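Assembly of the complex is requested from the two constituent chains, each provided in isolation within its own frame, with the hints serving as guidance.
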Amino acid sequence: MLDIPIPVLLGQVTVGLVNGCFYAMLSLGLAIIFGLLNVINFAHGAVYMMGAFAACLAARWLGINYWMALIVVPLVVGAFGMLVERLLLRRLAGLDHLYSLLLTFGLALVLEGVFLDIYGSAGLSYSGPPQLNGLVDLGFTRLPLYRAWVVAVSLAVCIGIWLLIERTSLGANLRAGTENPRLVQALGINVPMMVTLTYGLGVGLAALAGVLAAPIYQVQPLMGSNLLIIAFAVVVIGGLGSTLGAILTGLALGVVEGLSKVFYPEISSTTVFIIMALVLLLRPAGLFGREA
Amino acid sequence: MRQSSVLLVGLAIAGVVAPLSGLYPLFLMKCLAFALFAAAFNFFTGYVGLLSIGHAAFFGMGAYVTGHAAKIWGFPTELALATSLGAGAVLGLVIGGMAIRRQGIYFAMITLAMAQMIYFFCVQAPFTGAEDGLQRIPRGTLLGVFDLGNDMALYGVVLVLALAAVWALQRIMEAPFGHVLLAIRDNEARAISLGYDVKSYKLAAFVLSAAVAGLAGGLKALTLGLASLPDVHWTQSGAVILMCLLGGLGTPLGPIIGAILVVTLEGKLASMGAVQIGPLAIDFSTKVPIVIGLIFMCCVLLFRKGIVGEFIAAVERQSAQRRNGRPA
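Protein sequences appear in the order of chains A and B. Residue 22 in numbering that gives the first Met the number 0 sits at position 23 of the first sequence, and the numbers go up by one each step. Residue 7 in numbering that gives the first Met the number 0 sits at position 8 of the second sequence, and the numbers go up by one each step.
In short, the hints are calculated from the structure, not lab data. These numbers were taken from a predicted model, which means no experiment stands behind them. Quick reminder that beta carbons are idealized off the backbone N, C-alpha and C, glycines included. Watch out, some of these pointers could steer you wrong.
[To be verified] Facing chain B, from chain A, some residues (calculated, C-beta under 8 Å):
1. Leu87
2. Asn132
3. Met275
[What the hints assert, rightly or not] Derived DEER-like restraints, expressed as beta-carbon distance ranges:
4. B:Ile281 to A:Trp60: 42 to 50 Å
5. A:Leu8 to B:Pro175: 54 to 62 Å
6. B:Ile281 to A:Ile188: 42 to 50 Å
7. B:Ala129 to A:Val7: 21 to 29 Å
8. B:Asp185 to A:Ile117: 44 to 52 Å
9. A:Leu74 to B:Ile281: 25 to 33 Å
10. B:Ala312 to A:Asp116: 30 to 38 Å
11. A:Ile5 to B:Arg135: 44 to 52 Å
12. B:Tyr23 to A:Gln184: 34 to 42 Å
13. B:Leu300 to A:Val7: 49 to 57 Å
14. B:Asp185 to A:Met192: 30 to 38 Å
15. B:Gly103 to A:Ile117: 53 to 61 Å
16. B:Ser199 to A:Leu74: 47 to 55 Å
With the rest of the complex left out, here is chain B (with noise of 0.2 Å):
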């Protein structure tokens, strides 16, 4: 069996335990939104090697059209996804074009600078409401039929759409085209003397990324009825780029449990209170990015290949030194 029908099983599997184990719908979806924006993630930087510090761009973008298209245009929600799509598509070919005619650091400088330049645009545009943000995005109805103000109708619509596109990456990257940028990624000298157009290939694979990366937050605004600055925020890009980083970059499956944990830990400590933990009384709500910038710096020091990564690593060990143990 392929590795992404594996993957597309498993999470279908967690993904209708999840809830009837009594874990919020709300809580999972906002898991799955994120899930899918790490994994559109980890398609560009993971498989071509890229580093992009402008992924919120998209995110945030993704949002920003997806409530406006919902709850001003009026637009049905299928549509209104759609164009959280598009828009990630869009953006990403302007961004990607612009920045992949540099390498490595460079790469990383450029995108963070084009998504901070986004993130000025949404301060000042009309349409993104600026500090408010826009608020009580309606969840609509299904192609007309199924009403969506039910959480669990709507988790199943987020669950189905989150699975289709991680499958779909996936399923990309089994193809020819995604052995392709593996090739790239280990070696682009190797790659141009092929004869690959290396430039459109990583272009291409960019505006997959920015296009699933926009569906992510159009998903997580239609969840949670917000599309704010914070969503488009440079922090944001940080964010996902933690998350890929302490599930492994590069594997399939190392994303999503990376941002499953980012999120749980958020709630968890910004719900924390304050504790006490001997003579101090330590609020743990306030302190998330604290936090979150420690496990950033343990993760680069300690465990550079993330949960998976190194799973997969001990496995491979283990089973090289069986080989290596049984008498030829």
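Pulled out of the complex, with its shape left as it was, chain A reads as follows (with noise of 0.2 Å):
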């Protein structure tokens, strides 16, 4: 176990804290969404998805580089969010979660089935931006500049929107709504509007992560789902209601995730699962959570 180089140990660990970062931010998606829509958003992966193609399709067809793609494709795919928000999920607010569940799950298969008729399984590649092509030099190893930047940007959109939600008064409206709905609302405050938003921000977010995952990942109609079930993980992990928890967990992971690789690579696919195996029997609420 000790003959492994160190510099090959640091660079899975940074392999592993790049995968991490995506976990984190959809995570954080599916926590916020859940937190006030009591929603389990299995469609989550298939937007994270729309969002690598739709930056893929905004390059060929209208020549919206990197940079521009960074901050449409997550608003258009959250605005198509809050859309299947008004239109589907909303009807069945109020009645027994698992049917939003069901609904989302049909969602995805419509989804990721569109996509896979169009472009088949192999799907595209995306060139990332040239002004990121570098390597930088950490000392123990070097890391393509663009996935620093990955780590970069999701850390600085996890933590603002962690702060969003904690200290600004719309979050704490948003906190008061996943309380009690009803009394928010008495007090004046647009829940409804609310619910709306916060499940396009959630969206938006996947997206977010989709157009920051095109360079490095293929670009294909499935991309998402895997990592829709190891974010679920997460998420249990770090236990449902928290924030910080999903982010956290989610960063962690990935860096287990990166270690199982140097020290045991068979596992490394199961180790997110069999962490959440282990937590549910030591402490069912999940990490950060509390307990019902």
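Structure representation (structure tokens):
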């Protein structure tokens, strides 16, 4: 175990950190959507995929470059999410939340099916911005500049959203809405509007992750479906109610997964689930969760 | 007559008439395997009220184990099928033991994540044949006497096994054990206060459901001669949820009808090819997931009780009207 060179180890840790950033962004979106809407958003992987495709297609058809896509795509996909909430999810409010889970499940099948039908399972490739093509020398390893950028952006976004929820009055309304929507509505706050915006925010966040992922991973219709289930596991480990839990657990799991690739590659794809099983046995409410 | 007996007789008649009316035995066997899978899923989710998104793990593992036992170990057919039942039960005990600790949405996510873990295991484990899966699984002979290479002979075996399992599940629901399950579904706190060990009941139901789902996977592997990764992928869990939802979750007949509809639809779409609709030529064979997804959404939005559930509700409404309409 000790004969593994330190640079390899640290290299895997940084790769794991990049993956962890995607886990964190997706889990954060899932957590805030679940918090206010009580919806387990099964379409989250599909909207992540849509974000990546939207960046590709915008570059192809409209000549929109990466930097523009980083702003435009989350807005457009987020708007699509708000439409979904308004037209479909809202009809299921007040019913058992399994129905909204199943609705988003069907939606994910349709979205992935459409992209699979048009672009096939091989998908498209997308080249990142030329400004970020270099390498950064971290001393122990050389990290592609783009990956460093991904880590920086997603950390900034996650911290920004966490501050938005924990430190602003808008966030206070949101948290209050999570606790008791009827009371908050009685206080004159437009809860239905807040619900729509929250869903849009979560979906937009997934789309942003998709744009960030497009230059690194192959852009293909099923890119989100496996990531989604890892994000679910992250949310279970972190505790469903906790936004900070989702962010920290996402990052930590990415790193642990990277480490497991060094020590025991055979289990690297199941590490997250093994950790989830352990956490459930020892602390059923999750690491940051409160027992309901 | 008990509901379970009616169900058994009705299905037996349908099962005997179907091949005589010209339907292919291979198609019917596929229907039966998926109907059994749906019935197993319904036994847990419909009657205990917790959504499992992990049943593909049992189905797929059942398929792999039967395939491996028949092909590599050279087990006789009946023993190969028994191993699928056992594999489902063991896996159900492990996953269920973990998931039962949480309620509602957490339960769903844990079953999903555990099933995904099984999926990754199947991708890497040597005995599953990775991307190729296990192909050309031999059907063997029943009890060393009857050759099952003939489609009709195998159909007979599959029909008897599937009916026996469906009947057993329904019969268990009519037994005191089943009544306790319904009591837990409807009011868990009350069941606890009455002194029932709720967790053990739930776990027992989960293990039963998983075992039968494993058997369904074994039957599928045997009839189609194939066990592969799609069987254990989570989209298969989604498919079984759809079958039950479409037919009517929590009804005895609903899952079976739903399974037959979905299998038929998938077969029809896949063989349809390009269809000219107005100026557009639409190739439906590549659009199966889209159609399935749309049906899913319509089910959830428009008729949540499913076909059989809505039918029962309509009958009840009518009889209530008749009672109220009659002068006192």
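Hint-by-hint comparison with the structure:
1. Leu87: Check passed: Cβ of A:Leu87 comes within 7 Å of chain B, closer than 8 Å.
2. Asn132: 33 Å, violated
3. Met275: 6 Å, holds
4. B:Ile281 to A:Trp60: 42 to 50 Å: 23 Å, violated
5. A:Leu8 to B:Pro175: 54 to 62 Å: 58 Å, holds
6. B:Ile281 to A:Ile188: 42 to 50 Å: 46 Å, holds
7. B:Ala129 to A:Val7: 21 to 29 Å: 27 Å, holds
8. B:Asp185 to A:Ile117: 44 to 52 Å: 46 Å, holds
9. A:Leu74 to B:Ile281: 25 to 33 Å: 32 Å, holds
10. B:Ala312 to A:Asp116: 30 to 38 Å: With a Cβ separation near 36 Å, B:Ala312 and A:Asp116 satisfy 30 to 38 Å, so the hint holds.
11. A:Ile5 to B:Arg135: 44 to 52 Å: Since the Cβ atoms of A:Ile5 and B:Arg135 sit about 49 Å apart, the hinted range of 44 to 52 Å holds.
12. B:Tyr23 to A:Gln184: 34 to 42 Å: 58 Å, violated
13. B:Leu300 to A:Val7: 49 to 57 Å: 52 Å, holds
14. B:Asp185 to A:Met192: 30 to 38 Å: 36 Å, holds
15. B:Gly103 to A:Ile117: 53 to 61 Å: At roughly 37 Å between Cβ atoms, A:Ile117 and B:Gly103 fall outside 53 to 61 Å, so the hint is violated.
16. B:Ser199 to A:Leu74: 47 to 55 Å: At roughly 51 Å between Cβ atoms, A:Leu74 and B:Ser199 fall inside 47 to 55 Å, so the hint holds.
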